[in-house]
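Peer 1: Given next are the chains, with one letter for each unit.
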Amino acid sequence: MIKDSNPMLPAQFCIQWVRKETHDTFTIELKSTNGTHEFPFSAGQFNMLYVFGVGEAPISISGDPSKPEVLKHTTRSVGTVTKAISKLKKGDVLGVRGPFGSYWPLEDSLGKDIVIVTGGIGLAPLRPALYQLISQREKYGRIVLLYGARMPEDLLYKKELEQWRGRFDVEVKVTVDSAKGNWRGNVGVVTTLIPRAQFDPLQTIAMICGPEVMIRFTIKELQNCGIKTENIFISMERNMKCGIGLCGHCQFGFCFVCKDGPVFRLDRIKAIFGKREI
Amino acid sequence: MKTIEQYIAEHPFFKGIDPSYLKTIMGCSNEVRFDIGQFILREGEEANNFYVIHFGKVALEIFTPIRGPITIQTIGDGDVLGWSWLVPPFHWHYDARVLEPTCAIAMDGRCLRTKCEQNHDLGYELLKRFTHIITQRLEATRLQLLDVYGVHCESNDDKRL
Chain A
38 MIKDSNPMLP AQFCIQWVRK ETHDTFTIEL KSTNGTHEFP FSAGQFNMLY
88 VFGVGEAPIS ISGDPSKPEV LKHTTRSVGT VTKAISKLKK GDVLGVRGPF
138 GSYWPLEDSL GKDIVIVTGG IGLAPLRPAL YQLISQREKY GRIVLLYGAR
188 MPEDLLYKKE LEQWRGRFDV EVKVTVDSAK GNWRGNVGVV TTLIPRAQFD
238 PLQTIAMICG PEVMIRFTIK ELQNCGIKTE NIFISMERNM KCGIGLCGHC
288 QFGFCFVCKD GPVFRLDRIK AIFGKREI
Chain B
11 MKTIEQYIAE HPFFKGIDPS YLKTIMGCSN EVRFDIGQFI LREGEEANNF
61 YVIHFGKVAL EIFTPIRGPI TIQTIGDGDV LGWSWLVPPF HWHYDARVLE
111 PTCAIAMDGR CLRTKCEQNH DLGYELLKRF THIITQRLEA TRLQLLDVYG
161 VHCESNDDKR L
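Residue numbers (our numbering), protein chains in the order written: chain A, 38 to 315; chain B, 11 to 171.
Hints listed in this document are in silico derivations from the structure and should not be mistaken for laboratory results.
Among these hints, one or two may not hold up.
[What the hints assert, rightly or not] Listed next, the in silico DSSO-like pairs over lysine-lysine satisfying Cα-Cα at most 27 Å (straight line): (1) B:25 x A:210; (2) B:33 x A:210; (3) B:67 x A:257; (4) B:67 x A:195.
[What the hints assert, rightly or not] With the Cβ distance kept under 10 Å, some of the chain B side facing chain A (calculated, not the full set): (5) 31; (6) 58; (7) 79; (8) 85; (9) 147.
[As the list claims (entries may be wrong)] Chain B regions said to be covered by chain A (calculated; three or more residues, Cβ under 8 Å): (10) 86 to 96; (11) 149 to 160.
What you are looking at is a predicted structure, and each value in this text was computed from that prediction instead of being measured.
Glycine residues also receive a C-beta, built at the ideal position from the N, C-alpha and C atoms.
Just chain A, with the same shape it has in the complex (with noise of 0.2 Å):
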């Protein structure tokens, strides 16, 4: 949270650049206009995006926790406020207020083997999570990013994930749903990544982000290789308003996605996932 600031009051932030990632997504570099010089956070939260005159969105924060004097978001251009941050330029200035919400357990997971599935624009929440994993490589057992896409061109941070998979330490594999006849890379739903992957199960976290019915999949998955519903994350997608679990908006049966997630442990909403009424 800005400090000593009122939660719901937006902070100013001037937008530094703007960059295409794909046809529908981009990323935003922001910095604080009223001398706040550090907007800490944790690999995980979200903000709220204030286009003044439009609207406010929930955006996952998308940048490096341990350089707090920038925040980056990539989101995609879908709604309104999406579609009018999309138009900004540099120079332009949001309203910002955040950070919310809980975080992927990185620090409880220390010695363990960590493995990351996620889908389309689901790579943007954990991307904090992945510089954080590769900055404090040497306190992880092995770490395993696992990413599908729609098609080639629909891959987001295309430059990172070659640089990832560059390391000898980090098992990176990419796969799309579809793709021409030019493209060698793996072609299938990101589940059938994970039989694939070197973990060891009983010790590993698994961390996932990415459409609901995937995380589904992924979950089943998991559990087939042998990983306890105690050791799965997930982070949940609800329409999140005020941010502080008051307006109740993002009610997911017993909890309130925006305070009590979006990063949940899969045990302790087994209950309810997945539960259509809900």
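For chain A, the structure is supplied; the task is to place chain B on it using the hints.
Peer 2: Chain B only, in chain A's frame:
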């Protein structure tokens, strides 16, 4: 270096299988290698083999007149390629093109079909194992068909992700 016998015995597809069946299966197998670009299977041709991939990468493709070859799935180390040898009329439904140098154990489907007819216990054992693979592929295909990352799958609301 592992022999074919060792490799087959340790392969997940054959895990726990009765040693006498394994001996029969080995009698119908041989090691094969394929270079990049080579087709292992062609759509419409007779399906008389299946392959247990040792290492490499193979694309399953459907050829379309306008879009050309479309890759529907890639398979690699430890996977099993082909089940049309088991189902009449024993013709391949896809092309399988090699993306990376591939080494596999080729199983003679005709030989195995004959042995399965003679020994229904062996046939049932193999069928159970192939049904497991077919189920996995069907599940993956259904998820693929859902196109979960497509915009049309979501509402037009702003999303955190």
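Peer 1: Double-check residue 79 of chain B for me: the hint is only fine if its C-beta lies closer than 10 Å to a C-beta in chain A.
Peer 2: holds (4 Å)
Peer 1: Holds or violated: the hint that residue 85 of chain B contacts chain A, with Cβ atoms closer than 10 Å.
Peer 2: holds (8 Å)
Peer 1: Take a quick look at whether residue 25 of chain B and residue 210 of chain A sit within 27 Å of each other, Cα to Cα.
Peer 2: Holds: residue 25 of chain B and residue 210 of chain A sit about 26 Å apart, inside 27 Å.
Peer 1: Assess, step by step, whether the Cα of residue 33 of chain B is no farther than 27 Å from the Cα of residue 210 of chain A, and give holds or violated.
Peer 2: It is violated: about 36 Å lies between the C-alpha atoms, which goes past 27 Å.
Peer 1: Under the criterion of a CB-CB separation shorter than 10 Å, is residue 58 of chain B in contact with chain A as hinted?
Peer 2: Because about 26 Å separates residue 58 of chain B from the closest Cβ in chain A, which is outside the 10 Å limit, the hint is violated.
Peer 1: Is residue 67 of chain B within 27 Å of residue 257 of chain A, Cα to Cα?
Peer 2: holds (25 Å)
Peer 1: Quick one, is the residue 31 of chain B hint okay against chain A at 10 Å, beta carbons?
Peer 2: Because about 23 Å separates residue 31 of chain B from the closest Cβ in chain A, which is outside the 10 Å limit, the hint is violated.
Peer 1: Count residues of the stretch 149 to 160 of chain B with a Cβ under 8 Å from any Cβ of chain A, then say if the count reaches three.
Peer 2: holds (count 9)
Peer 1: Has the stretch 86 to 96 of chain B got at least three residues whose CB is nearer than 8 Å to a CB belonging to chain A?
Peer 2: It holds: at least three residues are needed, and the stretch 86 to 96 of chain B offers 3 whose Cβ sits within less than 8 Å of chain A.
Peer 1: Under 10 Å is the threshold here; is the Cβ of residue 147 of chain B close enough to any Cβ of chain A for the hint to stand?
Peer 2: holds (9 Å)
Peer 1: Given the proposed pairing of residue 67 of chain B with residue 195 of chain A, does the C-alpha separation stay at or below 27 Å?
Peer 2: holds (22 Å)
In summary, the numbered hints that this structure violates are 2, 5 and 6.
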